[in-house]
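The numbering used here puts the sequence shown at residues 65 to 265.
Keep in mind that the hints are not guaranteed to be accurate.
[Said to hold, decoys possible] Distance condition first, Cα-Cα at most 27 angstroms in a straight line; then the derived DSS-like pairs of lysine-lysine:
1. K222 - K163
2. K251 - K229
3. K246 - K222
4. K162 - K222
[What the hints assert, rightly or not] The following label-pair restraints were derived from C-beta to C-beta distances:
5. D227 - F182: 16 to 24 angstroms
6. E151 - E218: 23 to 31 angstroms
7. K104 - F225: 38 to 46 angstroms
8. K246 - E156: 34 to 42 angstroms
9. E187 - H212: 30 to 38 angstroms
10. G138 - N245: 19 to 27 angstroms
11. E87 - K222: 14 to 22 angstroms
12. N245 - D157: 33 to 41 angstroms
13. T190 - R168: 29 to 37 angstroms
14. E73 - T219: 32 to 40 angstroms
15. F182 - K222: 29 to 37 angstroms
16. K251 - E187: 18 to 26 angstroms
17. F182 - E156: 20 to 28 angstroms
No lab work stands behind these hints, which were simulated from the structure alone. Cβ coordinates follow ideal geometry from the N, Cα and C atoms, glycine included.
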Amino acid sequence: MESTPNHIESICVFCGSRPGDSEVFTEVTKKLGEEMNRRKYGLVYGGGNVGLMGTISETIHNGGGRVQGIIPHGLAPKEISGTSMGEVVYVEDMHSRKKIMYERSDAFIALPGGIGTFEELFETLTWIQLGIHSKPVGILNIDGYYTHLQALLETSAKRGFIDQKFINSIVFSDDPIDLLNKLETTKPPSSLFKWIKTSQI
């Protein structure tokens, strides 16, 4: 029996405001943007025009795709340089930023990035555990960037700290097309904490 495809119109992409130490990060990010355009998926992201954030937004915008950037007023001078791509929504703080990014997205993808990218990724995963959302989450493992993270998550499951079926629902791939294909059919588990009332979180 085939699983019902997920309804995806926009994907939230978490990524770095730096380009990294290799051109491969930029090259694969462009491939992701091109494939998202081919599938007519809009982009929701952190609103920056530098680093990989600039690469993904420029690729999708220049290809005729929808781009929504969500950025706190305080970060605008640091993360926006040059012409902004698509719609830019200014918010008061980081909490408002993540809330709007979540509300406007049907799936999430993490590209290489730093502490901010990690924080956004892990909060999104935590929300699945708590039953706040059941949207698919993918990690684009460019040039082995997230290989150690994948191993850490598997170790956490083996040592009894994370449910294995939750780990299995996180999509890892080093290829943008394969990642999107899997996101279209992967169903995260319902809340693993049955005692939590999500309406009170």
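Going down the list of hints, with the structure as the test:
In summary, the hint linking K222 to K163 is not supported, as the alpha carbons are separated by about 32 angstroms, beyond the 27 angstroms threshold. At roughly 11 angstroms between alpha-carbon atoms, K251 and K229 fall within 27 angstroms of each other, so this suggested pair holds. This hinted pair checks out: K246 and K222 have alpha carbons roughly 24 angstroms apart, not beyond 27 angstroms. Simply put, K162 and K222 have alpha-carbon atoms about 30 angstroms apart, too far for the 27 angstroms limit, and the pair is violated.
The supplied range of 16 to 24 angstroms is met by D227 and F182, whose beta-carbon atoms lie about 21 angstroms from each other. Hint check: E151 to E218, Cβ distance near 38 angstroms, so the stated range 23 to 31 angstroms is violated. For the hinted restraint 38 to 46 angstroms between K104 and F225, the CB-CB distance of approximately 39 angstroms keeps it satisfied. At roughly 35 angstroms, the beta-carbon separation of K246 and E156 lies within the given 34 to 42 angstroms, and the hint holds.
The hinted window of 30 to 38 angstroms between E187 and H212 is violated, with their beta carbons roughly 20 angstroms apart. One distance hint, 19 to 27 angstroms for the beta-carbon pair G138 and N245, is violated here, with the actual separation near 38 angstroms. Between E87 and K222 the beta carbons are some 36 angstroms apart, a value that contradicts the proposed interval 14 to 22 angstroms. A C-beta distance of roughly 36 angstroms is found between N245 and D157, which places it inside the suggested range of 33 to 41 angstroms.
At roughly 19 angstroms, the beta carbons of T190 and R168 sit outside the given window of 29 to 37 angstroms. Between E73 and T219 the C-beta distance comes to about 35 angstroms, which sits within the given range of 32 to 40 angstroms. Between F182 and K222, the C-beta spacing of about 22 angstroms breaks the proposed range 29 to 37 angstroms. Against the hinted window of 18 to 26 angstroms, the Cβ-Cβ separation of K251 and E187 comes to about 20 angstroms, which satisfies the hint.
Separation of F182 from E156 is about 23 angstroms and conforms to the stated range, judged on CB atoms against 20 to 28 angstroms.
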